[in-house]
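Asker: Counting in full-length UniProt numbering, the sequence shown runs from 1 upward without gaps.
Among these hints, one or two may not hold up.
[Said to hold, decoys possible] In silico DSS-like cross-links for lysine-lysine, where the CA-CA straight-line distance does not exceed 25 Å:
| id | residue 1 | residue 2 |
| --- | --- | --- |
| 1 | K364 | K331 |
| 2 | K337 | K277 |
| 3 | K171 | K219 |
| 4 | K337 | K53 |
| 5 | K328 | K52 |
| 6 | K337 | K364 |
| 7 | K277 | K171 |
| 8 | K337 | K355 |
| 9 | K328 | K364 |
FYI, nobody ran anything at the bench for these hints, they're computed from the structure.
Fair warning: this is a prediction, and the values are worked out from it, not measured in the lab.
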Amino acid sequence: MHMSEMEGGKDGTMIKLGQSGLKVLAIVVVLLGHFRLSEADWRDLVARDFCKKCIEERQGVGFFEDPDDCRFFLRCDLGPFHEIIFQRYECSPGTLFDRAIPACVHCNNASCVGSKAPEPRCPVTDPPVPMTVPPPPVISIAAGAQCCKARFDTGYTYCEEPRNSHVYYRKANVDGFVQRVSCGHLIFSVNPNRCECVPPDLGPVALYTFEVPRPFDSKVGNFMTDTQGVGLHATTAGSEDGFDEFSGQFDGIGDMEAPLFSGYDWGTSLTVSFFYKTDARDRVLRAILANGNCDIPPTFLFVTQGNDLHCEMDVVDRGAFFRKRIPKLCKYSDIFKQLPEDSWVGVVTTFNSLKIHTRVKIMKTGEIREGNSTLCVGSVPATLAPLNIGRDLYCIKQNGRSLAGNFVGKLDQVQIYRRALESWETDRVLAEEVNIRT
């Protein structure tokens, strides 16, 4: 029989495929064989789906048991494009992973909720022998480590690990037994009054106080700021022209930009604050602070228009990535009208991953105005524009006349935090305090 013919139905008829048909059939067979998942690949697919479910349920990443066998556990995380990333680890022999702790504990005490526990739970020896607990490993405190006692009488002395700030040693004062303890993502700090895991630096990621000498670079991080045509205004002693010794003078031509924040991940918590005094008497839109430009829409923006202040912020709903639909954009917008012309105004906008709120203080009278609180769950998206201070973002012209422009007036104490300041902290900001870290 010719290669292009194959025997077909029950009646012995011939099915003619032809050379092209045979090629297609061969490709299908090869692809079916190629895409046959191995046991390891199938287990990875199950683990990735399990991580996705766990992250959705707890609204965060973390450590979870392997869905097939809790002798293993998974570290579930999100990648830069919100894709699921996981790593699989194995517990020590005789232990199982317990999500409630989360850690590997003795197999007789572990609770494998959400996972198929191995059978039998603990290894069975034949003949049975009494279980013995191995002696704890000998841990020695690193040479040159600084040690201190806790603030309270816990019976332990605490020592640092000089090579790893996320680890410390705890030594029992009674028998000298030493334990090595991990702080996770936190940091261990040794000083006379505190010896504990402490959070990382809570200070601002950008701080502009407009002090001499110029250029007006950020006072934290030592990163460059491109400044063009922004002057320095000195306050006359005893005058009501300002509340600080110096401030930035914007004449509608100059502006500032920080290239560091181009493509910057602003995250799920953010605070933006500044003080300004407008000299403009027109109705032109004049941008004070934003992370966009004429070509790139900003995700947060503060604009003056006459005696009004406009505050805007965009938030992307992170849950949309898990629900497999187009991400929803939550837009916050608030306006404070008829602010006084001849007074400094303090502004603080906070976002704590759930809601956005703005407070405004009129410095001459001490009056504080509370804006509307907008419910927005998610994160402030990055833009490909630098942080702009005093630059026109609208670039709108009508009949040859600009409808927007660079900021005209005075600006001082610009602060940005990658966390939502508490209300008592925003009180400190509006009381002219900078670089708040606790």
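Asker: Could you run down the list of hints and mark each one as holding or not?
Answerer: Hint check:
The suggested pairing of K364 with K331 is violated, with an alpha-carbon distance near 32 Å, which exceeds 25 Å. Taken as a hint, the K337 and K277 pair is honoured in the structure, with Cα atoms around 15 Å apart against an allowance of 25 Å. About 40 Å separates the Cα atoms of K171 and K219, which puts this hinted pair outside 25 Å; it is violated. Using a Cα cut-off of 25 Å, the hinted pair K337 and K53 is violated, with the two alpha carbons roughly 46 Å apart.
This hinted pair checks out: K328 and K52 have alpha carbons roughly 19 Å apart, not beyond 25 Å. Restraint check for K337 and K364: the C-alpha separation of about 17 Å stays at or below 25 Å, so the hint holds. A threshold of 25 Å between alpha carbons decides the hint, and for K277 with K171 the separation of about 57 Å lies outside it, so the pair is violated. For the suggested pair K337 and K355, the alpha carbons sit about 22 Å apart, so the restraint of at most 25 Å is met.
Using a Cα cut-off of 25 Å, the hinted pair K328 and K364 is violated, with the two alpha carbons roughly 41 Å apart.
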